[in-house]
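Novice: Sequence:
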Amino acid sequence: FLNPIPIMSDIEGVVEDLGFKDGDLVNKGQLLLKIRNSTIEQQIQQAKIDLLNAEANYKRIVEYESREEGKSPEIIETKRALSEAENNLIRLKNKKDRTYRLVGKGIMAKNEIEAAEAEYSGVENQVRGLQDKLDGLAKTLHANKQIAQLNLNKARIALRELLSNFAKSEIKAPVTGIVTFPVISSG
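So for the sequence shown, my numbering puts the first residue at 27; every next one is plus one.
There may be inaccurate statements among the hints.
Unchecked claim - In the BS3-like style, the derived pairs of lysine-lysine whose C-alpha atoms are separated by at most 27 angstroms in a straight line are:
| no. | residue 1 | residue 2 |
| --- | --- | --- |
| 1 | K198 | K47 |
| 2 | K85 | K97 |
| 3 | K105 | K122 |
| 4 | K60 | K165 |
| 5 | K74 | K171 |
| 6 | K47 | K60 |
| 7 | K194 | K47 |
| 8 | K194 | K180 |
| 9 | K165 | K97 |
| 10 | K165 | K180 |
| 11 | K165 | K85 |
| 12 | K74 | K159 |
| 13 | K119 | K159 |
| 14 | K121 | K136 |
| 15 | K121 | K131 |
| 16 | K136 | K119 |
| 17 | K171 | K105 |
| 18 | K180 | K198 |
| 19 | K54 | K194 |
| 20 | K131 | K119 |
| 21 | K54 | K159 |
| 22 | K74 | K85 |
| 23 | K105 | K119 |
| 24 | K159 | K97 |
| 25 | K105 | K165 |
| 26 | K159 | K105 |
| 27 | K105 | K131 |
Since the hints were made in silico from the structure, they are not lab data.
With the hints as extra help, turn the sequences into a complete structure.
Specialist: Okay, structure coming up:
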């Protein structure tokens, strides 16, 4: 006449609260027992701390990026050096052009062209290097923000999974019925 429904827990732990005895009538959704698993509880507490830390780190990076982009000492110094190098490059371009004209007129020796070209090329490389450095600094700021976002998402997922497992510590009656042959006890 009745179909027995075996009830098992997905988690291990100590039965903390046994809400029935053999022969009791239980209603669907009624708490039958609660399992205490101190490992999951500790992991949840650690996951909450990890989430708070990840949120704080992400917020700090976002605030720093919006407030300090272009204001950090390294970026300011690199921009200053780049501006100086670009001005120097303009000066050396004019010097190089003048050298070509003077060599063409026979006023300067041809080896002066090589020296002017080498000097110009060196500063041109310096400008490219400083531009690359600025690009790298901007990419680093962006990468740090992305890493912080990933860590924040990871912390949220970890906590959500632990809370889901913790919810399994409460075993509820799947249907209304009579408890028969319980193979469990508190403790």
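Novice: Evaluate each hint against the coordinates.
Specialist: We went through each hint and held it up to the structure:
no. : hint         : result
1   : K198 to K47  : holds, 14 angstroms
2   : K85 to K97   : holds, 18 angstroms
3   : K105 to K122 : holds, 25 angstroms
4   : K60 to K165  : violated, 51 angstroms
5   : K74 to K171  : holds, 21 angstroms
6   : K47 to K60   : holds, 14 angstroms
7   : K194 to K47  : holds, 21 angstroms
8   : K194 to K180 : holds, 22 angstroms
9   : K165 to K97  : holds, 15 angstroms
10  : K165 to K180 : holds, 22 angstroms
11  : K165 to K85  : holds, 18 angstroms
12  : K74 to K159  : violated, 38 angstroms
13  : K119 to K159 : holds, 23 angstroms
14  : K121 to K136 : holds, 14 angstroms
15  : K121 to K131 : holds, 15 angstroms
16  : K136 to K119 : holds, 17 angstroms
17  : K171 to K105 : holds, 22 angstroms
18  : K180 to K198 : violated, 30 angstroms
19  : K54 to K194  : holds, 16 angstroms
20  : K131 to K119 : holds, 19 angstroms
21  : K54 to K159  : violated, 66 angstroms
22  : K74 to K85   : holds, 16 angstroms
23  : K105 to K119 : holds, 21 angstroms
24  : K159 to K97  : holds, 15 angstroms
25  : K105 to K165 : holds, 15 angstroms
26  : K159 to K105 : holds, 10 angstroms
27  : K105 to K131 : violated, 39 angstroms
Hint compliance for this structure: hints 4, 12, 18, 21, 27 are broken, all remaining hints hold.
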